[in-house]
Amino acid sequence: MHQIVCTEGLTEMAYAKFAGAPLKVHKITNPWRSPTGTLPALKTTEESTRSLSKPSNIIIHLRKQKYNADYDLSAKEGADTLAFVSLLEEKLLPALIYTQWVDSKNYVDVTRRWYAENIPFPLNFLLPNRIHNQQLERLRLVRGDSTLEPGEQLEKELYQDALECMTLLSQRLGSHKFFFGDSPSSLDAYVFGHLAPLLKVKLPNGKLQQHLNSLDNLRHYCTNILILYFPSEGGEPPIHKVSVHSDSSDFDSEPHKRRKQILSVLFAMGSMLGYAILMGIVSIQHVRPQAALVGPRHIEEGGEEEEEEEE
Amino acid sequence: MSLAAEAFVSQIAAAEPWPENATLYQPLREDQILLSDCASSLAVQAYLRMCNLPVHVSCRSNAEYMSPSGKVPFVHVGNQVVSELGPIVQFTKAKGHSLSDGLDDVQRAEMKAYMELVNNMLLTAEISRPRYSSPYSWPLNQILAYQKQWEVRRKMNAIGWAGKSLEQVYEDVSQCCQALSQRLGTQPYFFNKQPTELDALVFGHLFTILTTRLTSDELGEKIKSYSNLLAFCRRIEQSYFEDSQAGSSSRGYSKGPSLF
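Sequences listed follow chains W and V, in order. Under UniProt numbering, think of the first position of the first sequence as 1, with each following residue one higher. Under UniProt numbering, think of the first position of the second sequence as 1, with each following residue one higher.
Note that these hints are calculated values from the structure, not bench results. A couple of the hints might just be wrong.
What the hints assert, rightly or not - Below, computed lysine to any residue pairings styled on SDA-like, alpha-carbon distance capped at 25 Å:
| hint | chain 1 | residue 1 | chain 2 | residue 2 |
| --- | --- | --- | --- | --- |
| 1 | W | 156 | W | 89 |
| 2 | V | 71 | W | 151 |
| 3 | W | 76 | V | 107 |
| 4 | W | 202 | W | 116 |
| 5 | V | 222 | W | 77 |
| 6 | V | 71 | V | 51 |
| 7 | W | 177 | W | 78 |
| 8 | V | 71 | W | 142 |
| 9 | W | 156 | V | 87 |
| 10 | W | 177 | V | 107 |
| 11 | V | 148 | V | 119 |
| 12 | V | 93 | V | 241 |
| 13 | W | 76 | V | 172 |
| 14 | V | 71 | W | 177 |
| 15 | W | 257 | W | 123 |
| 16 | W | 76 | V | 225 |
| 17 | V | 155 | W | 134 |
| 18 | W | 202 | W | 109 |
| 19 | W | 207 | V | 116 |
| 20 | V | 155 | W | 135 |
| 21 | W | 17 | W | 182 |
| 22 | V | 93 | W | 160 |
| 23 | W | 156 | W | 136 |
| 24 | W | 156 | V | 69 |
| 25 | V | 148 | V | 67 |
With the hints as extra help, turn the sequences into a complete structure.
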């Protein structure tokens, strides 16, 4: 089964591992269950902190807690970090989003299918389409062209930027182990977060992946980080859409979901039964045993021959 | 520009040298021009001067509509029209003028990254400070102004800046300036002795913020707190814009107020 990987979630998890912050990771598939309503999200024990969403906010919060992977960076390296993160967000991220959400073949074959299989009803019908439309709209606005359609032209332009970005990253990385020396920093977390999904998810339209695979040092860099910091996920594709907690509260969604499902089915059945009785479709008087026998059975099960014939 | 058109333009560009009558078009300086457009225009002018390519600046109220991509500024060179700094840099490169040839791969990567940083932080900070009025008469000026603001707001929404308060915008600008200041250090230009398109871009944005009268001076103050950035702007102004101040107006530059 394919698993789609979320860049932001990966970035934060990578940073947390690099900085040594103790985080408990909860895999949930329903964004409505997250503390902030979107994924990924960070919930802490402190009263003063609201739940956080964006990677930069979460990294800032971890830094305040003294989990800082950038402690040893010089001023110039800190400046370079900011610059390269901007490069990633402006040049690589749009292409990543396009290839997962807007490109017709990839979206239908891989992304939407994964969502349909893994997100609970009714979100699995609504959410993927909504994200698809949102991203297309966003592309249109940013490019200033309201008639933009996903197609070869747009794809070429976006991918050209992304390929150039990856080449630049490869040139900057050279033969070093990490971007700044021997230990990873926040820039490594960002780069890993953006590149790892490309390595792990098999997409039908895989031009970005091909280019990444051709850049040996970047590929080794990503696999290196995976092996060093995510050893349990090394064999299988990394998890998608995680919610990260730094307290130890239990947050199991299974019993709630089951209970809600059962309750909703009972409620539906009860209301149908009540309506049928009120309308006189069904009568529960014993005076007419035949009707009583047929009626309730008609509601409870739909597969018996008698009901079908009586229809 | 589409990729095919770009390749085509490059081919044609390589064929002819830079003409004397090249013109740069931008919106009117006083009433119309947005902060971000002013910065982009100045960046292009600085870049062309650094390359020693003559260009005449012309202010038109319909510059936006004349431009092939809808963005300003654009240059009219020979029989070609090219808009925005990125394509213009490539265009001049095709004609054999380039400032970044001497950079190695790592430096070029850094240069591109810093240009994105400036675009990301400063450009969007400028967009969030509306200044659009209009040379047209009522009611067209109101309608166009609202339309422009609405467009800008939608774009900011799309890139996630709509939720940012003013403090956060200033904070972002401050971070950006700090990064630029640290990168510049004590060097005269970002890549030591020779200016590149990054220097032109940074100059365009910083100079515009410093010299434009806004409702509050906070953006300008933030920049002034970094003395090496201030010195950098003065240096570029002196080296590349001073010569035409002394009399000859054949080069008609439209910088307006100066830092001195």
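Consistency of the hints with the structure:
1. A C-alpha spacing of about 18 Å is found between residue 156(W) and residue 89(W), which places the hinted pair at or below 25 Å, so the restraint holds.
2. Straight-line distance between C-alpha atoms of residue 71(V) and residue 151(W) comes to about 23 Å, which keeps the hinted pair within the 25 Å bound.
3. At roughly 13 Å between alpha-carbon atoms, residue 76(W) and residue 107(V) fall within 25 Å of each other, so this suggested pair holds.
4. Of the pairs offered as hints, the one joining residue 202(W) and residue 116(W) holds, with about 17 Å between alpha carbons and a cut-off of 25 Å not exceeded.
5. Restraint check for residue 222(V) and residue 77(W): the C-alpha separation of about 21 Å stays at or below 25 Å, so the hint holds.
6. The straight-line distance between the Cα atoms of residue 71(V) and residue 51(V) is roughly 22 Å, inside the 25 Å bound, and the hint therefore holds.
7. For the hint pairing residue 177(W) with residue 78(W), the CA-to-CA distance comes to about 18 Å; that is within 25 Å, so the pair holds.
8. Restraint check for residue 71(V) and residue 142(W): satisfied, since their Cα atoms lie roughly 12 Å apart, inside the 25 Å limit.
9. Restraint check for residue 156(W) and residue 87(V): the C-alpha separation of about 16 Å stays at or below 25 Å, so the hint holds.
10. The straight-line distance between the Cα atoms of residue 177(W) and residue 107(V) is roughly 19 Å, inside the 25 Å bound, and the hint therefore holds.
11. Taking the CA atoms of residue 148(V) and residue 119(V), the gap is about 20 Å. The hint holds against a cut of 25 Å.
12. Under the criterion of a C-alpha separation no larger than 25 Å, the hint pairing residue 93(V) with residue 241(V) is consistent with the structure, at around 22 Å.
13. At roughly 17 Å between alpha-carbon atoms, residue 76(W) and residue 172(V) fall within 25 Å of each other, so this suggested pair holds.
14. Distance hint between residue 71(V) and residue 177(W) is unfulfilled; the C-alpha atoms sit about 41 Å from each other, more than 25 Å.
15. For a cut-off of 25 Å, the pair hint linking residue 257(W) to residue 123(W) stands: about 13 Å separates their Cα positions.
16. Under the criterion of a C-alpha separation no larger than 25 Å, the hint pairing residue 76(W) with residue 225(V) is consistent with the structure, at around 18 Å.
17. Among the hinted pairs, residue 155(V) with residue 134(W) is consistent with the structure: their alpha-carbon atoms are about 13 Å apart, no more than 25 Å.
18. Note on residue 202(W) and residue 109(W): the hinted pairing holds, with a Cα-Cα distance of about 11 Å set against a maximum of 25 Å.
19. Restraint check for residue 207(W) and residue 116(V): the C-alpha separation of about 24 Å stays at or below 25 Å, so the hint holds.
20. As the CA atoms of residue 155(V) and residue 135(W) are separated by approximately 13 Å, the hinted pair is consistent with the 25 Å bound.
21. Note on residue 17(W) and residue 182(W): the hinted pairing holds, with a Cα-Cα distance of about 15 Å set against a maximum of 25 Å.
22. For the hint linking residue 93(V) to residue 160(W), the alpha-carbon distance of about 19 Å falls within 25 Å, and the restraint holds.
23. Restraint check: the Cα-Cα separation between residue 156(W) and residue 136(W) comes to about 16 Å, which is no more than 25 Å; the hinted pair holds.
24. Proposed proximity of residue 156(W) and residue 69(V) is supported: the alpha carbons are some 17 Å apart, at most 25 Å.
25. For the given pair, residue 148(V) sits about 16 Å from residue 67(V) by alpha-carbon distance, which is consistent with the 25 Å threshold.
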